[in-house]
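*Asks:* For chain A, the structure is supplied; the task is to place chain B with the ligand on it using the hints.
Just so you know, the protein sequences line up as chains A and B, in that order. Our numbering numbers the first residue of the first sequence as 1 and each following residue consecutively. Our numbering numbers the first residue of the second sequence as 1001 and each following residue consecutively.
Hints are computed from structural coordinates only; laboratory data are not their basis. As the structure is a prediction and not an experimental result, all values here were calculated from the model. A few of these clues could be false.
Unchecked claim - Straight-line distance between alpha carbons at most 20 angstroms, and here's what the computed SDA-like set of lysine to any residue pairs gives: (1) B:K1651 / A:K2; (2) B:K1648 / B:I1762; (3) A:K2 / B:R1284; (4) A:K2 / B:E1200; (5) A:K2 / B:I1131; (6) B:K1434 / B:K1648; (7) B:K1648 / A:D192; (8) B:K1766 / A:D192; (9) A:K282 / B:E1642; (10) A:K2 / B:D1283.
As the list claims (entries may be wrong) - To give an idea of the interface, some chain B residues facing chain A are shown, with a C-beta separation under 10 angstroms as derived from the structure: (11) D1283; (12) A1643; (13) Y1684; (14) D1702; (15) L1704; (16) T1707; (17) D1710.
Beta carbons: idealized from backbone N, C-alpha and C, even for Gly.
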Amino acid sequence: MKPAAFEYIIPESLDHLLQIKAEHGDEAKPLAGGQSLIPAMNFRMARPSLLVDLNRLPELAWLHVKDGELQVGTMTRMAELQHNPTVAAHVPLIAETVPHIAHPQIRNRGSVGGNLAHADPASELPVVAVALGARFRAISASGERWIPAHEFFLGTFTTSLQPQEILLEVTFPTRQDRTGYAFAEVARRHGDYAMAGVVAVVSLNAQGQCDSAQLVYLNAGDSPTPAVTAAAMLIGNSGTPAAITAAAQHASMEEIAPYGNLHASTEFQRHLARHLTQQALKTAFERARAEFLPHP
Amino acid sequence: MSTYFGKRIPRNEDPRLLTGQALFVDDVQLPDLAHVAFYRSPYAHARILSIDVSAALARPGVIGCYTAQDLGDYWSPGPLLVSPPPTIERKIFHQRTQVPLAKDKVRHVGEPVVMVVAESRYIAEDALDDIWVDFEPLGVVVDLEQALQTDAPLIHEDLPSNMGAQVIQEKGNYETAKAQAAVIIARRIVYDRGPSVAMENRGVVAQWDSRTQRLTVWDSTQAPVFIRGGLAAMLGLSESQVRVVAPFIGGGFGPKIMMFYPEEVLLPWLAIRLKRPVKWIEDRQENFYATTQERSQIHHCELALTQDGKILGLRDEFLHDGGAYMPYGLTVPLNSQANSLGGYIIPNYYSEFKAVFTNRTIVTPYRGAGRQHGTFVIERLLDHAARELGIDKAEIRRRNFIQPEQFPFNNEIIFQDFAPLMFDSGNYEPVLDKALEMIEYERFYREIQPQARAEGRKLGLGVVFYIEGTGIGPYEGARVQVEASGKVSVATGIGTQGQGHFTSFAQIVADQVGVRPQDVMMVTGDTDQFHWGAGTFASRGAVVAGNAIHAAAQDVRQKILHHAGEVLEAAPDALEIVAGQVRVQSDPTRSISLGKLAQRANPMRGAVEPGTVPGLESTNYFGPRYGATAFGAHAMIVEVDEATLQLKIHKYVVVHDCGKVINPLILDGQIHGGVAQGIGNAFYEQLHMDENGQLLNASFMDFLIPTALDVPHLEMAHTETPSPLNPLGVKGAGEAGAIPVGALFAQALEDALGLEINEIPISPQKLFELTATAEALA
Ligand SMILES: Cc1cc2nc3c(=O)[nH]c(=O)nc-3n(C[C@H](O)[C@H](O)[C@H](O)COP(=O)(O)OP(=O)(O)OC[C@H]3O[C@@H](n4cnc5c(N)ncnc54)[C@H](O)[C@@H]3O)c2cc1C
Chain A
1 MKPAAFEYII PESLDHLLQI KAEHGDEAKP LAGGQSLIPA MNFRMARPSL LVDLNRLPEL
61 AWLHVKDGEL QVGTMTRMAE LQHNPTVAAH VPLIAETVPH IAHPQIRNRG SVGGNLAHAD
121 PASELPVVAV ALGARFRAIS ASGERWIPAH EFFLGTFTTS LQPQEILLEV TFPTRQDRTG
181 YAFAEVARRH GDYAMAGVVA VVSLNAQGQC DSAQLVYLNA GDSPTPAVTA AAMLIGNSGT
241 PAAITAAAQH ASMEEIAPYG NLHASTEFQR HLARHLTQQA LKTAFERARA EFLPHP
Chain B
1001 MSTYFGKRIP RNEDPRLLTG QALFVDDVQL PDLAHVAFYR SPYAHARILS IDVSAALARP
1061 GVIGCYTAQD LGDYWSPGPL LVSPPPTIER KIFHQRTQVP LAKDKVRHVG EPVVMVVAES
1121 RYIAEDALDD IWVDFEPLGV VVDLEQALQT DAPLIHEDLP SNMGAQVIQE KGNYETAKAQ
1181 AAVIIARRIV YDRGPSVAME NRGVVAQWDS RTQRLTVWDS TQAPVFIRGG LAAMLGLSES
1241 QVRVVAPFIG GGFGPKIMMF YPEEVLLPWL AIRLKRPVKW IEDRQENFYA TTQERSQIHH
1301 CELALTQDGK ILGLRDEFLH DGGAYMPYGL TVPLNSQANS LGGYIIPNYY SEFKAVFTNR
1361 TIVTPYRGAG RQHGTFVIER LLDHAARELG IDKAEIRRRN FIQPEQFPFN NEIIFQDFAP
1421 LMFDSGNYEP VLDKALEMIE YERFYREIQP QARAEGRKLG LGVVFYIEGT GIGPYEGARV
1481 QVEASGKVSV ATGIGTQGQG HFTSFAQIVA DQVGVRPQDV MMVTGDTDQF HWGAGTFASR
1541 GAVVAGNAIH AAAQDVRQKI LHHAGEVLEA APDALEIVAG QVRVQSDPTR SISLGKLAQR
1601 ANPMRGAVEP GTVPGLESTN YFGPRYGATA FGAHAMIVEV DEATLQLKIH KYVVVHDCGK
1661 VINPLILDGQ IHGGVAQGIG NAFYEQLHMD ENGQLLNASF MDFLIPTALD VPHLEMAHTE
1721 TPSPLNPLGV KGAGEAGAIP VGALFAQALE DALGLEINEI PISPQKLFEL TATAEALA
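Okay, chain B solo, but in the shape it has when bound:
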């Protein structure tokens, strides 16, 4: 019964997006709108001695300047968004969350200190130059390892050290396993990432309507329902007085999750205070400091194996850069901890991390959310092991894969959703085999590479495997209604940032209700339309909201058949719904349209049976027991110019399994985008910071992201191992493309150049240093 599910259908939202008709936060124009700019700390770490805004206030067009002092009781550190899993026993966590405006001290460059509101953004920015803040600079902590030295300056002075958290997770006994191992592969591995550089920066518009006593907030958030609840509580309003709208968003990637960013908390407060609508749109420079990002982890890890390449155990001790505050708990390092296990049977595991406060922008999940780091650890260690043991690199992976019959597979550690890290389903070997076939693995090593070498060309091949935990709880919900027009409206609480929800969700509904996807009108992320659910993150939209929509649509189908059965005098199961008409299967001339049924279900005169619920409508929810685990393999052939150390990617292959595919076109798009970001992470993007905590490349001039010219054509294939955890059998796909690219680049470049790479990002400069070192050693 799937006319649309699984089809490559062009996206319903594209005409609007491509013709500039979609609403983004900055498109919200309101009469009397005032504009906000922030005075942000120029220091990475300093005490605030005094603030003088008098000159700014005197500037014509300035409406107000607000410091922490002016916020009174409204000033409070932000909420802890995700607590560390209560189910993990061996942990320390010091809760320190960001403040709306810095009070006594600033802890990273770009931390907001003064909010200025003016008649235009131009004037507001002019006024920033008028503000005088007397800072007393303090010692700065940017280096992860130095941060933990006893003489390091303290970022939170009430803590004994800059360690924000420590977690130990263990399964089996690594030391025993190590004693039996034939080889131990030990390395220091550094994996760094940067900002997610969404095309649209953040933005907030807030409007207080005194007549209706309602607050409306347009917010570039991935989780409007959370924000509404939080704002209502902070502002002392009823939740019904607050409407949060997450309109179209030009890329979320994680940092636009329910952060309660200072700007998100301050603008609504200001709108109520001024009784004037206010707007703040983040500019690109602010984004480098003020929007959360991901960064470095330093791993000291070792893998213990038998002579034939079977993993006996893994030990991993790592430092994680948390930035100045840790409002998002430990999601990122916990994901790293999970992904270091890869898709492999690792009977003994010891993993310990320390999350470290630094004088840098806050770290929270960004597409992949720590999975990159973990994947890099295990994939690198396996590559080194394969070389040391003389085993083919594909083969060593094959020998350690979790086997199809072992699912559901319990990894015996706790995952970010507090539940045990269970892999619901999987079939790994076919994915690897397909990737090897598509990249012509055998031929490459038999013919292509030897021939290239004979010509003095440096060609390398990489092939890596990864898993992606997706679709975690708690739950999402949706309301589906057939309208009198015969068209269908659907509302869900999650926000949309380019995932194609208006199409893939419409496909799910269309199949149940018997209309075309174009006839399904989706509303996402408007709390006046639907106010339950968590949000779009952790590759959970299709899994959790998709199944909630499916459940509600199934209910509506039953109602349709029930009503139609009465009208057509037929049993519901003798009916079918085709092109908006319900008809008797055996006699299609007996039929009635969905619109007529919708009217019948909503009578305007006469009496109904007691207990009648009007409408062809249902609201339903879905919450999975635990997450669904997707997986895949990437393979690539790359050529390195030995003199310039520039790369040319000859071929890039992705084989991916995310269970049942709703819309292959949208899925391809997700993978493309992910791989592009992965390539950025692997080879282009790096935040350069000096020892004073000043970012040296806070613009696209020097912070390089890959362009269309730098992202190769991708060859893609999919296998389908349905998830048993949800009726649609789907798994998430949002982060997959980005996860293994660093590991892939390292392996392929190693193969091309014959040197060892244990860090990402890599660059021509780094390759130059590594080759120089290799030559010096040779």
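Just chain A, with the same shape it has in the complex:
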């Protein structure tokens, strides 16, 4: 369990970092919190010849709300997302979800960008990003571009980042009026990758009827998995138990495609997803309705 030999560079600046990426491409692996990369190297499943350490560039770690978005620098630690009151106030879904990611020690080191770039289909934050319609800012020596969340995740451990690019920033839309957000998952032990999990977002019109809905699942395919038809089934509904049950049934049995693993068979994952969807939708509708009440 010792990594194969590698070179290690602390870039002096973002430009320097991008130069290194331009020169070495995929062989130069950004080292963020190291919580996934280092174990993979110790198992020799990853053998990068060069590690570029992002930890010493202060310009990569920041967080603020601007233009109706929560904007987060790639090296912002997950613990920061969890505890910063700005996050809870403007994107409560994130604050609700992050405690489910691993354990405090790992969240202290693990970064937002590292978590997203790792693109584990069982991971929570990518699901949140897709459900909220987050945008990813990729940068390379030759320029930068914005990638919508649903185009960022291409498959297991695969993103649309190019070999010369790094992820610089991710932005999440802040909370909308009359909208309820909820997250639910089941893991074998707290902090484990979940057997099943879902983000539910529902927006209500002035009459209290759903005018848009999102259901996105983790561990239900190669990347964050939306259940578009099930979500559409809720449009026009006020969140009746029957509608929620029907949507949960459709999403879990027809739309998602969990692979099954050592801890949960496909059938069990579907069973859990159905239950979690009901729970999350119920909460999301309640929260959306609560939005009608005057703010305290």
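*Replies:* Quick look at chain B with the ligand alone, frame taken from chain A:
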């Protein structure tokens, strides 16, 4: 006369351990140290056609690569560590023990094939990638039942089948008993376990000193004395040339017993050959394959009872997974055979097991060592019987308990120590009653469960009973010495892996010698300090070493009183020892310190009487006639989320009796740790293997062990039924916590969900399957 025995004293060793000052094997740093890594078989079963290490040898920093061929005469299968009891008549045993490096064939994934030594562990691991072994894969045997089919591939080709051993033990006549029974409860029961996942993996550092011609081995072993003798013999050295040190060890649990693991045998050989110190530290991935573990047994068992729930007889036929080799004989299945009798009067018993070779890691004792399997069998059968007969589950146990006046109780079968399975002492009912009281048994079934059910919540209660054979022979020894400083040094041969020996043994000595436990300096597991004894295993440290230390300390006390009597001109029995001073009871102003007495006992000038033995020192030994049997009950209330099948343990109660308690704090710790491992076994830990013998979860990512969040607060109580077999009246407690947890979970989950559970581990996935089956049947 016990100032310290029985007291809740914080541990002497903790400051060292908690501040990172304790020495573990990996802390041993020596000049010029070289590092070892092993090329391990990627196949579960294959013939080795050829091995090419030339590329590895060419890599800069590689010092050497060794195959079985290179070991010459040193290559030999390891010793049989425990022979099957000669006292059992109906048995077959085919001795097949592990080899240091695989020669013609590999028999499990992870079996070492090539040893690489290099300037660093990094280089050594790089070199593993350079090694080319041509394997011819063979058919793989992982399933216990398939292993015995006639067309199964043979793991040891010189044997007629994969059956490694067969033992039949019988008492009374089961078939006759069955004919008289009102009910027969017959089940197929599967009990699986996994690796012990000690926090510290194994490790060996070996150093040969050419100038003193001595070999020193730091080894994460539970039994350094055995290892020293064995290594000396294998290497052709005098025992006095070999020093084995078992320093602090981060958890032993059985697999670190005197195994003569390949690494343990190879590193000393290599150090002598290279004339350079060498180190190997097992990594977690290796540990999943290379350190012994426990696994499955499949039992076909039946219990014959009268209408009022009295057991007439038990029949149990089981298969035991031994792994690729069986160096530890039959200890594990023999313990299962013993524990299937529980603490109950079972007049007629037929038990037959076959130990089976499989293409898997070797099975040897791990905390509980087969007792879990046996306990599960009898406790499950009793639960099913209670339901069938309409008898309360606590009551059916009560009706069958061995009664206090029946001890010593002869179970009329042979135990792992070759002696008849005798229970020295016991008083079972109070333990059960206390557990029922603490868990509020009556109230649970009267109020709590019905109310929960009315709210649609699934609450279940479990209560199970178990026995633990502990403190077996042969013997241990110790040397106790009062030094000129007035402090006391004690050495014993057993190793220490977290049991608190530095405190509990110090308490025993302190009471005899009249000092504080902090003034007792313990040395364990260093053969230069003490080289007699067997080791720390089978919950025997406190019983066997504890009583040896007690005996030596008593001798020293006599010497102290004798010398002091001369100085103070008083009869020895008119003296007392208080706070390091010996004084005349009737006139405490007449006193002398222990330090002064120690100096007097070791004169530097002048003449002594012929035959004088110097020092306030004694070496003494203790060996019990047979083991002391501890017992206890666990009870738990658990809630199951019907949708997610996640558990929440509302209350967990342990009532335990291990005779006289030396230090209740340490005892609580032992029970806590045991229960945590038991919960792991019951609900989290499972080795998943595919049909090719590849382990699918050889990391903590997927091999789940309970975390602090998954282990509930324990409520504990103790009763004390002293063992008549040793002067201290103690029994072992090391394994107790882990033994009944599987049986407890099965019963409590059954109670919550109304389905039948005959296997461990259980998991949300398994519960999902069982509920689906139950629904399909309904
Ligand atoms: C015990 C344990 C439990 C865990 N449980 C969970 C869980 O429940 N849910 C969950 O989501 N995760 C879990 N994780 C994973 C953890 O969240 C991730 O390791 C972490 O989010 C990755 O972030 P990091 O900063 O450590 O990235 P690193 O490990 O440093 O990097 C991960 C990958 O992303 C690449 N990368 C990093 N930053 C960038 C960038 N800016 N641009 C391009 N590529 C980049 C790296 O090169 C590497 O390939 C767990 C991890 C552990 C060890």
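*Asks:* For every hint, state whether the structure bears it out.
*Replies:* Structure-based check of all given hints:
1. B:K1651 / A:K2: violated (43 angstroms)
2. B:K1648 / B:I1762: Holds. K1648 (chain B) to I1762 (chain B) sits at ~14 angstroms (cutoff 20 angstroms).
3. A:K2 / B:R1284: Measuring from Cα to Cα gives roughly 11 angstroms; hence the hint holds.
4. A:K2 / B:E1200: holds (17 angstroms)
5. A:K2 / B:I1131: holds (17 angstroms)
6. B:K1434 / B:K1648: violated (23 angstroms)
7. B:K1648 / A:D192: With Cα atoms ~17 angstroms apart, K1648 (chain B) and D192 (chain A) stay inside 20 angstroms; holds.
8. B:K1766 / A:D192: holds (19 angstroms)
9. A:K282 / B:E1642: holds (18 angstroms)
10. A:K2 / B:D1283: holds (9 angstroms)
11. D1283: D1283 (chain B) check passes; min Cβ-Cβ to chain A is 4 angstroms, inside 10 angstroms.
12. A1643: With Cβ-Cβ at 4 angstroms, under 10 angstroms, it holds.
13. Y1684: It holds, given that the least Cβ distance between Y1684 (chain B) and chain A is near 7 angstroms, below 10 angstroms.
14. D1702: Nearest chain A Cβ about 6 angstroms off; hint holds.
15. L1704: holds (6 angstroms)
16. T1707: holds (6 angstroms)
17. D1710: D1710 (chain B) check passes; min Cβ-Cβ to chain A is 6 angstroms, inside 10 angstroms.
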